[in-house]
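2 protein chains.
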Amino acid sequence: MLTKGEATKKMIIDASAILFSKKGFKDVSMTDICDATNLSRGGLYRHFSSTSEIFTLLISTERSFDERIKANESALYILKSALDELEKEILDPERSLSLAIYEFASIDENKKLFTSLEKKAKKKWIDLISYGIETGEFKDVDPAKIAELILYYYQGIRMWSKVTDITKRSAKNYSSMIIKILTGEEK
Amino acid sequence: MLTKGEATKKMIIDASAILFSKKGFKDVSMTDICDATNLSRGGLYRHFSSTSEIFTLLISTERSFDERIKANESALYILKSALDELEKEILDPERSLSLAIYEFASIDENKKLFTSLEKKAKKKWIDLISYGIETGEFKDVDPAKIAELILYYYQGIRMWSKVTDITKRSAKNYSSMIIKILTGEEK
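Protein chains in written order, with the numbering used here: chain B, 644 to 830; chain S, 644 to 830.
Calculated directly from the structure, the hints in this document are not laboratory data.
Keep in mind that the hints are not guaranteed to be accurate.
Since the list gives no way to pick one copy over another, a pair counts as held whenever it fits inside one copy or between any two copies.
To be verified - Subject to a maximum C-alpha distance of 30 Å in a straight line, what follows is the list of computed DSSO-like cross-link-like pairs (lysine-lysine):
hint : residue 1 : residue 2
1    : 767       : 713
2    : 647       : 762
3    : 815       : 755
4    : 782       : 653
5    : 782       : 805
6    : 763       : 713
7    : 666       : 653
8    : 811       : 754
9    : 647       : 713
10   : 666       : 811
11   : 755       : 811
12   : 647       : 723
13   : 782       : 754
14   : 647       : 823
15   : 805       : 647
16   : 805       : 731
17   : 823       : 713
Remember, it's a predicted structure, so these values are computed and weren't measured experimentally.
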């Protein structure tokens, strides 16, 4: 169970995520977050000193596939469940952090953090693809190349989901394309 | 040859493109464009009534492959020259209009224009892919699916090129991946 402090932190992060996806990064203030969480200024600052700190935590929580790989789960199964999640995100443009990420990353001092997050995200996918090649579930592809395709294609569609209507079919195309490239099979 | 009016219009659009890629859409004013072009307010307004009008023209000028298809050029050749152009754009983040496009498209009244531009861009690629399948140069893929991959993958990498360093290899990966999907060959 979460302690009271942890529960408050989680509540702050959840409420902030909604604000950031609505307004981007630049236009969200600590006052907005107080209003959204019903916390006093002191109550909020006990946990976080800036919107940067909250946003950094929010975008740094991506989990790797390490545990599932160590547990010898099927690579294809891990892939499919990850793609299902991404599909759901694509179809939920209200929760898209693309614009906020863009604004946050455009601030010079955040560039380093971003380069490291991107590296981490690539590594996560490279590890899964390499594992799937090892188990024989995936074709003998270049893991780094496919990892980039997975990440950039996702970012592109996620960005556009905020400005035009992304259909269910386009979201499905995304995952079926990746499954096809990795396994040669239609989903 | 361009008439004097046409040349001025082109000069305005070129100068504005640089401003939009630097500052996004929202933060560019008609005054900024006067400053960048050395035109008087009257001189600028003779050609354009708003930054929206300039931006709309700027992003609406994408040419289709129709003429080249009608001239029976090789589909693979058309594809490769188009991908070369995109690669160059990816490696030139200073000229990336992603943020400006994002901001412009987020304005409600522009949503319709965007939906139609996206449709046009998809059609352009679908036409080329269908043509390549017909000539036997491309594999029997689903043109609409690959068109989405080409567009969204590009948008994603283009967006990220503004916030992290995109390597030459990542840009190459983009085109070689598409060529591989369409022809089965490594570039």
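For each hint, the structure was consulted:
For the identical chains of this complex, residue 767 and residue 713 are intra-copy neighbours only, at 13 Å inside a copy versus 45 Å across copies, given an alpha-carbon limit of 30 Å. For the identical chains of this complex, residue 647 and residue 762 are neighbours neither inside a copy (34 Å) nor across copies (50 Å), given an alpha-carbon limit of 30 Å. In this assembly of identical chains, residue 815 and residue 755 lie within 30 Å of each other by CA distance solely across copies; the values are 24 Å between and 33 Å within a copy. When the C-alpha separation of residue 782 and residue 653 is checked against a cutoff of 30 Å, the pair qualifies neither within a copy, at 40 Å, nor between copies, at 49 Å.
With identical chains, the CA atoms of residue 782 and residue 805 are never at most 30 Å apart, being 34 Å at best within one copy and 33 Å at best between copies. In the homo-oligomer, the alpha carbons of residue 763 and residue 713 lie at most 30 Å apart inside one protomer (18 Å), although the nearest pairing across protomers, at 46 Å, exceeds that limit. Proximity of residue 666 and residue 653 under a CA criterion of 30 Å is satisfied intra-copy only: 20 Å inside one chain copy versus 34 Å between copies. Taking the shortest alpha-carbon separations for residue 811 and residue 754, only the inter-copy value of 19 Å comes in at or below 30 Å, while the best intra-copy value is 33 Å.
Taking CA atoms no more than 30 Å apart as the test, residue 647 paired with residue 713 passes in neither setting, with 33 Å inside one copy and 69 Å between copies. Within a single copy, residue 666 and residue 811 get their C-alpha atoms as close as 25 Å, which meets the 30 Å cut-off; across copies the closest is 33 Å, which misses it. For the identical chains of this complex, residue 755 and residue 811 are inter-copy neighbours only, at 19 Å across copies versus 35 Å inside a copy, given an alpha-carbon limit of 30 Å. With identical chains, the CA atoms of residue 647 and residue 723 are never at most 30 Å apart, being 35 Å at best within one copy and 58 Å at best between copies.
Neither within a single protomer nor between protomers do residue 782 and residue 754 lie at most 30 Å apart by alpha-carbon distance, with minima of 35 Å and 40 Å respectively. Proximity of residue 647 and residue 823 under a CA criterion of 30 Å is satisfied in neither setting, with 46 Å inside one chain copy and 53 Å between copies. In this assembly of identical chains, residue 805 and residue 647 lie within 30 Å of each other by CA distance neither inside one copy nor across copies; the values are 35 Å within and 40 Å between. In the homo-oligomer, the alpha carbons of residue 805 and residue 731 lie at most 30 Å apart both inside one protomer (14 Å) and across protomers (26 Å), since each shortest distance falls under that limit.
Taking CA atoms no more than 30 Å apart as the test, residue 823 paired with residue 713 passes inside one copy only; the shortest distance there is 25 Å, against 32 Å between copies.
In summary, the numbered hints that this structure violates are 2, 4, 5, 9, 12, 13, 14, 15.
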